[in-house]
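Novice: If you're matching them up, the sequences are chains A and B in order.
Residues in the first sequence are numbered consecutively from 1, following our numbering.
Residues in the second sequence are numbered consecutively from 348, following our numbering.
It is possible that part of the hints are untrue.
As the list claims (entries may be wrong) - For lysine to any residue, the following SDA-like pairs were computed, each having C-alpha atoms within a straight-line distance of at most 25 angstroms:
1) K568(B) - R123(A)
2) K565(B) - K402(B)
3) K325(A) - D293(A)
4) K481(B) - D62(A)
5) K469(B) - E129(A)
6) K488(B) - R120(A)
7) K565(B) - K481(B)
8) K166(A) - K325(A)
9) K469(B) - Q88(A)
10) K481(B) - S77(A)
11) K304(A) - R289(A)
12) K9(A) - G135(A)
13) K81(A) - F533(B)
14) K402(B) - L491(B)
15) K469(B) - G117(A)
16) K481(B) - T64(A)
17) K488(B) - S338(A)
18) K568(B) - Q95(A)
19) K402(B) - T19(A)
20) K195(A) - K292(A)
21) K568(B) - D128(A)
22) K481(B) - H96(A)
23) K36(A) - H228(A)
24) K14(A) - I24(A)
25) K488(B) - T64(A)
26) K166(A) - I69(A)
27) K195(A) - L232(A)
28) K488(B) - F561(B)
29) K9(A) - K36(A)
30) K481(B) - K36(A)
31) K481(B) - A116(A)
32) K292(A) - L232(A)
33) K481(B) - N79(A)
34) K565(B) - I381(B)
35) K357(B) - V552(B)
36) K166(A) - I334(A)
37) K481(B) - G396(B)
38) K481(B) - H228(A)
Honestly, the hints are just simulated from the structure, not real lab data.
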Amino acid sequence: MLGGKTLIKINGLKKVFTTNSNTIQAVDDLNLEIKKGEIFGVIGYSGAGKSTFIRLINRLEDPTDGQIIIDGQDITSLNQKDLRISRQEIGMIFQHFNLLWSRTIKENIAFPLEIAGVPRTERLERVDELIKLVGLSGREDSYPSELSGGQKQRVGIARALANNPKVLLCDEATSALDPETTDSILRLLTDINQKLGLTIILITHEMHVIRKICHRVAVMENGQIVEHGEVLDVFLHPNRPVTRKFVEQVMGDKEQDEAYEFLTKEYTTGTVIRLHFVGETTNRALISRVAKDFDIDVNILQGKITQTQKGAYGTLVVHIDGNDKEINRAMEFITSTSVEVEVAPNA
Amino acid sequence: MLNELFPNVKLADLWEATGETFYMTLISLVGTFIFGILLGLLLYLTARGGLWQNKLLNFVVATVVNVFRAIPFIILILLLFPFTDFVVGTIRGPNAALPALIIGSAPFYGRLVEIGLREVDKGVIEAAKSMGAKTRTIIFKVLLPESMPALVSGITVTAIALIGYTAVAGIIGAGGLGDFAYFYGFQRRSFDVVFVCTVLIVIIVFIFQFIGDFFTNKLDKR
């Protein structure tokens, strides 16, 4: 599925907003390829241009320059009529759900089908399927005002999927939800991605959303993509300060560093080391092997390992105690694995 | 007992006058609803950032609306005499009051419609666009249904203003309770007639308000 063919190709995309007093480069020469079936995340602070970017994809904003090619079709060159038809193949969900409060859940989900001119009986069948898919059975005749935020977003997702789109755009889809509800919506999106092989592009300012469901990520700043790649790589080697900040959001490195300094002072014998686990290595029983194979004591002081779509990522701070020779041997062994080792400076 | 309290009130005439008031109010209400929604939609759609953004058209419509709202109703009736004569064929009776009633209240309702449409969540319009909806679909399936409670409460307010207008129209011979109160009551010094007409008009206003509130609440699913 991944590494598959390109679904969306974006070339030199630009959007300039002109107000009376100045011009703003919201999106500045953006190039990107999104593969079929992947969950692609775009992260950035507000004002980075990510919201404009996602709205350019279905031309809710018209680009100033550049091309967007979805499945071989140049969206940017379409006239209004063809654009409307193409939009039926691009689902979109929103931060504030944007449901019609005057319609029931069923009628809301049926709306895009009405627009596409699907006959009534087919429409009803499809709506039933979708209600089951997003887990809202029993609520179909309620009005949006009677639902919780998470349920509203489920309706939004069902509505976006109604016309079997090629891609689903998520505009801060979980930003208005509490953490628990966010998780359930993210699970639903992952589910849909796997079941239907649907390509998903999501924008967010929350790194844990990227960590939980994205395969690849792009970091946006000042209208440009400053860094992009596999989520794990970006987590591991954040090049830009903005990326590092986002990674810290999930890992809480700063706080940990203060404690780390404190820990190295506490232990006067042995060595305090920090291990960086990336990807598959996390799953191997490194610590127990070290403890078994070498004559040393290993004491885990602190750590956090977190799961991403492409494996785990995290750090452990351990204290190794024993005679110097054994410690050195153990260190050599650990260094020979793909786990990165950092020795506490003053230990 | 009624005869003792209100010696000058003739029930048959009173009923006829009440019927005329209802007739004028209801017919002009339908006209006002249609023209008001058209004006409101035009004002909303041609405004800056609207779906049919058009500075000139917006200016023209807004000017027409403002001018007609500025003219006092009693003067509007007089101004419209030639037009009424041309359209209805007479300047007397309930039918002759209709053009003035509609032209007088449609701009007012148009503004209320515009306000109601502005209250529709921009995000919902955007969502409809993202699904590939035509402007016509957005108007009939998003804008109007989503603003319906505001449109109904607006037409209720307008209906009550209209009842007042029909009474004013009565002074220049349109028929209805205003006419009855003025010619049979005030001019003959039969104040019991004025009083009964007033009570009836108040009751009619209450009926309209009650019906309007009922539907507004029923339609509002927010």
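Novice: Enumerate the violated hints, using their earlier numbering and listing them in ascending order.
Specialist: 2, 5, 7, 8, 12, 13, 17, 20, 25, 30, 32, 36 and 38
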